[in-house]
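Protein chains in written order, with this note's numbering: chain A, 1 to 465; chain B, 1001 to 1465.
Calculated directly from the structure, the hints in this document are not laboratory data.
Backbone N, C-alpha and C define an ideal beta-carbon position, used for all residues, glycine too.
Please note that a few of the clues may not be correct.
Residues of chain B clear of chain A, computed beta-carbon distances all greater than 12 Å [said to hold, decoys possible]:
(1) K1160
(2) T1183
(3) N1297
(4) E1305
(5) E1312
DMTMM-like, lysine to aspartate or glutamate: derived pairs with alpha carbons at most 25 Å apart [claimed, not checked]:
(6) A/K163 - B/E1162
(7) A/K48 - B/D1238
(8) A/K128 - B/D1064
(9) A/K347 - A/E415
(10) A/K359 - A/D142
(11) A/K175 - B/E1213
(12) B/K1160 - A/E291
(13) B/K1175 - A/E403
(14) B/K1175 - A/E415
(15) A/K39 - B/D1400
(16) A/K347 - A/E388
(17) B/K1175 - A/E388
(18) A/K175 - B/E1464
(19) A/K401 - B/E1213
(20) A/K39 - B/D1421
(21) B/K1128 - A/E148
(22) B/K1175 - A/E162
(23) A/K128 - B/E1260
(24) A/K175 - B/D1400
(25) A/K320 - A/E291
(26) A/K160 - B/E1079
(27) B/K1080 - A/E213
(28) B/K1295 - B/E1312
(29) A/K160 - B/E1213
(30) A/K163 - B/E1148
(31) A/K175 - B/E1092
Protein chains: 2
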Amino acid sequence: MGWVRSFRNNQFIALNDGSTNNNLQVVAELGKFSDDTLKRITTSASLKVTGTIIPSLGKGQKMDLQAATLEILGDSDAEKYPIQLKNRPTLEYLREIAHLRFRTNTFGAVFRVRHSLAFAVHQFFNDKGFVYMHTPIITASDAEGAGEMFRVTTLPFDEKNEKTPRNEDGTVNFKDDFFGRATNLTVSGQLEGELGATAFGEIYTFGPTFRAENSNTARHLAEFWMIEPEMAFCDLEDNMNLAEEFIKYIIKYAIDNNREDLEFLAQRLVDEEKQLPQDKRSEMGLMEKLEFVIKNNFERLTYTEAIDILRESNHNKKKKFQYPITGWGMDLQSEHERYLVEKHFKKPVILNNYPAAIKAFYMRQNDPQEGIGQTVAAMDILAPGIGEIVGGSQREERLDKLEARMKEMNIPVEELYWYLDTRRFGTVPHAGFGLGFERMVQFVTGMTNIRDVIAFPRTPGSAEF
Amino acid sequence: MGWVRSFRNNQFIALNDGSTNNNLQVVAELGKFSDDTLKRITTSASLKVTGTIIPSLGKGQKMDLQAATLEILGDSDAEKYPIQLKNRPTLEYLREIAHLRFRTNTFGAVFRVRHSLAFAVHQFFNDKGFVYMHTPIITASDAEGAGEMFRVTTLPFDEKNEKTPRNEDGTVNFKDDFFGRATNLTVSGQLEGELGATAFGEIYTFGPTFRAENSNTARHLAEFWMIEPEMAFCDLEDNMNLAEEFIKYIIKYAIDNNREDLEFLAQRLVDEEKQLPQDKRSEMGLMEKLEFVIKNNFERLTYTEAIDILRESNHNKKKKFQYPITGWGMDLQSEHERYLVEKHFKKPVILNNYPAAIKAFYMRQNDPQEGIGQTVAAMDILAPGIGEIVGGSQREERLDKLEARMKEMNIPVEELYWYLDTRRFGTVPHAGFGLGFERMVQFVTGMTNIRDVIAFPRTPGSAEF
């Protein structure tokens, strides 16, 4: 049983059941089936065929199914079916009919690879004895400040005769909301993950996270999936080692289990890039790039070293950066990261030990170092064509230093008593990182728009299906 | 490295790293370490110990670690540490300090089992070639009517000088909301899952779902995780077979991989039930129950047969049901389901072919049957002690019948055009089910309150941590 991909010469049906892009060729012997039946064999019609597997006479496949019986399970009106292969539907058009795009070769391949990568994530951590934690999606904590948040509420603010409960001063009284307080969608499971790691030793999360940022780009989603491992008895070095091993493992898993789909996507990328001038095309093919990544060490360097490289680069001296390298302490822009990864090192880079001032409160404060400002034990992994794919750090396990930093940054210390309890009762060195799953899928599939690697993208102005 | 669970005779440290409830006994030879160090070895303090593994002189473990060096990584003030084992902390109390409860034997065991069950879910479907789909969490569709929903919004309704955009008639103008329309948290990924199944053949989801119902019970959560497989070319019988195989597989996986933790939880349940009168205690121990479930066929019967059994039962005749059996067509209450499962069959039951009137619009309409009303190809799996653990059905694949039913039930046909497209273009027989993951974890761990099997439960009035 399957869906018709094409029907040639009133005789050869390419049938597909969604498990692979390789169709089964069904041979409907001339004269064996009624004209009425043959007429109904249109693109995307569903069929049930029985028969005999025979060596194929044609090229492109090893065997055919010689049909003995053929039943139309569901018709598909060829005039109305929205995907007409003759017109070579664009990715933009297919995004509008995302409910049907899984039936194309491109999206079939992308989502089978996505599946494999997700399974590899679980396999990797399970094999190492990590505990999979489901951290909360609805959260009352907005302490981390990782980004703008979506409000979650059951208050009847949408009613005409507005019944939103209000305090005397006119502000909303969230005591009457479902959870008895204001709640939001989570931006990260890290803080709760640390609670797990300081009990189970090693945990990971893999769940949806949210950003209410009005970023209508090919790199941003309002709803995306994130993987966040967190490890007790682990420092920055261990953390970088684990992240690199992890990325290589899941890429290798996809190569080993989805070679056909990846080769299809590699060819798709070559075709897509044909319209670009030579110097804008990828230097390596997709398969070559993936093999390269798993076979070579990621380049590790400190933020301080990176600033030196950028400052001394011809690119900077010729003023080709939109944001010039002003010196130590500046936040790196995407163009700087891309320069390091794509031009200078030409491989994934792990940047580490960033200035404290541009990083989050929970990152471990390094010992002072002569000639530079205060740094923290942070690390970001930057991938060619994608940019930041992992962000992590060793966490500040020293209660006094953590509290002092929180106060400096106006993070509410009392509200996060539960987080600080891990530092009060048997604190341990620990570290973790977050990997944006869709960026990883993009990297492996070569899809340039993040909306093409998640089933039903949520972006500003769009929550279709 | 690990955390101190106990310290006996100023000499024997039970050290635990979270990977198992079996502590490593560290022997700190008398006189070898300073009094100052020994004083700091308190419950939940973290230590780094090096030394030699030697055969244990004591009972209860095979080997000890004879300490050569011993470093306190983090102190834990014995007076302030909230978990005092002498007092035998209750589950209710531990729920209030959910950020630390993972450090107890009970919750260590529960969450390691939860991890294994989650991994087994992925393993089961991956081995069968299912594609893991991440269906959207934020959704504009409220068409399924599976339950009350949480609103997701970025409108500034919480501000004092209220800036919520309104239409002329006073209603909220959701065009100005983040997604350009009103959005909610999903109650199910099923409809989107069907889009995947009619392209990939077989898919499953495993993600969070939400209910804004004010149910403060031991069986309900506002945020819980659900697994929803959906299969093309699949009927009700196949669906029941898959669900039964699936449940047995993940239970067996836990038995094979978490025997120690399950045996601990079995003993915990025995202890918990000691306070109950004999006739309220479980007839089988936890391990016995799990073994029984994987070794016996689930009882399958139709709704119509179930009504007959219930009507003829002594329980009904003696008017012991709060809701008497009024006849065919009535919705079954939890007490009826429990009677069937716990008293009559004493095993899991798959009830099927329910009256259409009490089931959802998308379930396949059965052919008329003499003597009874219209039924649909639905199935629910009921488990002893838990109740409904799976709900599923063959889906209505016939466009005309589906549209007619939607109109009868006031489901907006135009809005769900994307769902109906699967019936317009190559429709196929298909089926699927949903399994509430926390209920499954309860069943396997024997925990009676659902709040004790999810890390940070979300319930009315509570969104802590």
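Outcome of the hint check:
1. Not every CB of chain A is more than 12 Å from the CB of B/K1160 (nearest about 4 Å), against its label as outside the interface.
2. With a closest Cβ-Cβ approach of about 5 Å to chain A, B/T1183 is found to fall inside the 12 Å limit, against its non-interface label.
3. Taking the minimum C-beta to C-beta distance to chain A, about 28 Å, the non-interface status of B/N1297 holds against the 12 Å cut.
4. Every Cβ of chain A is farther than 12 Å from the Cβ of B/E1305; the closest lies at roughly 31 Å, confirming the non-interface assignment.
5. For B/E1312, the requirement that its beta carbon stay farther than 12 Å from each beta carbon of chain A is met, with the minimum near 42 Å.
6. Restraint check for A/K163 and B/E1162: the C-alpha separation of about 13 Å stays at or below 25 Å, so the hint holds.
7. A C-alpha spacing of about 17 Å is found between A/K48 and B/D1238, which places the hinted pair at or below 25 Å, so the restraint holds.
8. A C-alpha spacing of about 24 Å is found between A/K128 and B/D1064, which places the hinted pair at or below 25 Å, so the restraint holds.
9. As the CA atoms of A/K347 and A/E415 are separated by approximately 42 Å, the hinted pair breaks the 25 Å bound.
10. Among the hinted pairs, A/K359 with A/D142 is consistent with the structure: their alpha-carbon atoms are about 17 Å apart, no more than 25 Å.
11. Under the criterion of a C-alpha separation no larger than 25 Å, the hint pairing A/K175 with B/E1213 is consistent with the structure, at around 17 Å.
12. For the hint linking B/K1160 to A/E291, the alpha-carbon distance of about 57 Å lies beyond 25 Å, and the restraint is violated.
13. Among the hinted pairs, B/K1175 with A/E403 is inconsistent with the structure: their alpha-carbon atoms are about 42 Å apart, more than 25 Å.
14. The hinted pair formed by B/K1175 and A/E415 fails the criterion: a straight-line CA distance of about 35 Å is larger than 25 Å.
15. Between A/K39 and B/D1400 the CA atoms are separated by roughly 22 Å; this keeps the pair inside 25 Å, and the hint holds.
16. Taking the CA atoms of A/K347 and A/E388, the gap is near 13 Å; set against the 25 Å cutoff, the hint holds.
17. Between B/K1175 and A/E388 the CA atoms are separated by roughly 33 Å; this puts the pair beyond 25 Å, and the hint is violated.
18. For the hint pairing A/K175 with B/E1464, the CA-to-CA distance comes to about 14 Å; that is within 25 Å, so the pair holds.
19. Only pairs whose Cα atoms come within 25 Å are accepted, and A/K401 paired with B/E1213 is rejected, the gap being roughly 42 Å.
20. Restraint check for A/K39 and B/D1421: the C-alpha separation of about 21 Å stays at or below 25 Å, so the hint holds.
21. For a cut-off of 25 Å, the pair hint linking B/K1128 to A/E148 is broken: about 40 Å separates their Cα positions.
22. The suggested pairing of B/K1175 with A/E162 holds, with an alpha-carbon distance near 18 Å, which does not exceed 25 Å.
23. About 19 Å separates the Cα atoms of A/K128 and B/E1260, which keeps this hinted pair within 25 Å; it holds.
24. The straight-line distance between the Cα atoms of A/K175 and B/D1400 is roughly 47 Å, outside the 25 Å bound, and the hint therefore fails.
25. A C-alpha spacing of about 31 Å is found between A/K320 and A/E291, which places the hinted pair above 25 Å, so the restraint is violated.
26. With a C-alpha separation of about 55 Å, the suggested pairing of A/K160 with B/E1079 is violated against the 25 Å cut-off.
27. Of the pairs offered as hints, the one joining B/K1080 and A/E213 is violated, with about 42 Å between alpha carbons and a cut-off of 25 Å exceeded.
28. Taken as a hint, the B/K1295 and B/E1312 pair is broken in the structure, with Cα atoms around 29 Å apart against an allowance of 25 Å.
29. Between the alpha carbons of A/K160 and B/E1213 the distance comes to roughly 23 Å, so the proposed pair stays at or under 25 Å and holds.
30. Simply put, A/K163 and B/E1148 have alpha-carbon atoms about 18 Å apart, close enough for the 25 Å limit, and the pair holds.
31. Among the hinted pairs, A/K175 with B/E1092 is consistent with the structure: their alpha-carbon atoms are about 23 Å apart, no more than 25 Å.
This entry does not satisfy hints 1, 2, 9, 12, 13, 14, 17, 19, 21, 24, 25, 26, 27, 28, going by the numbered hints stated previously.
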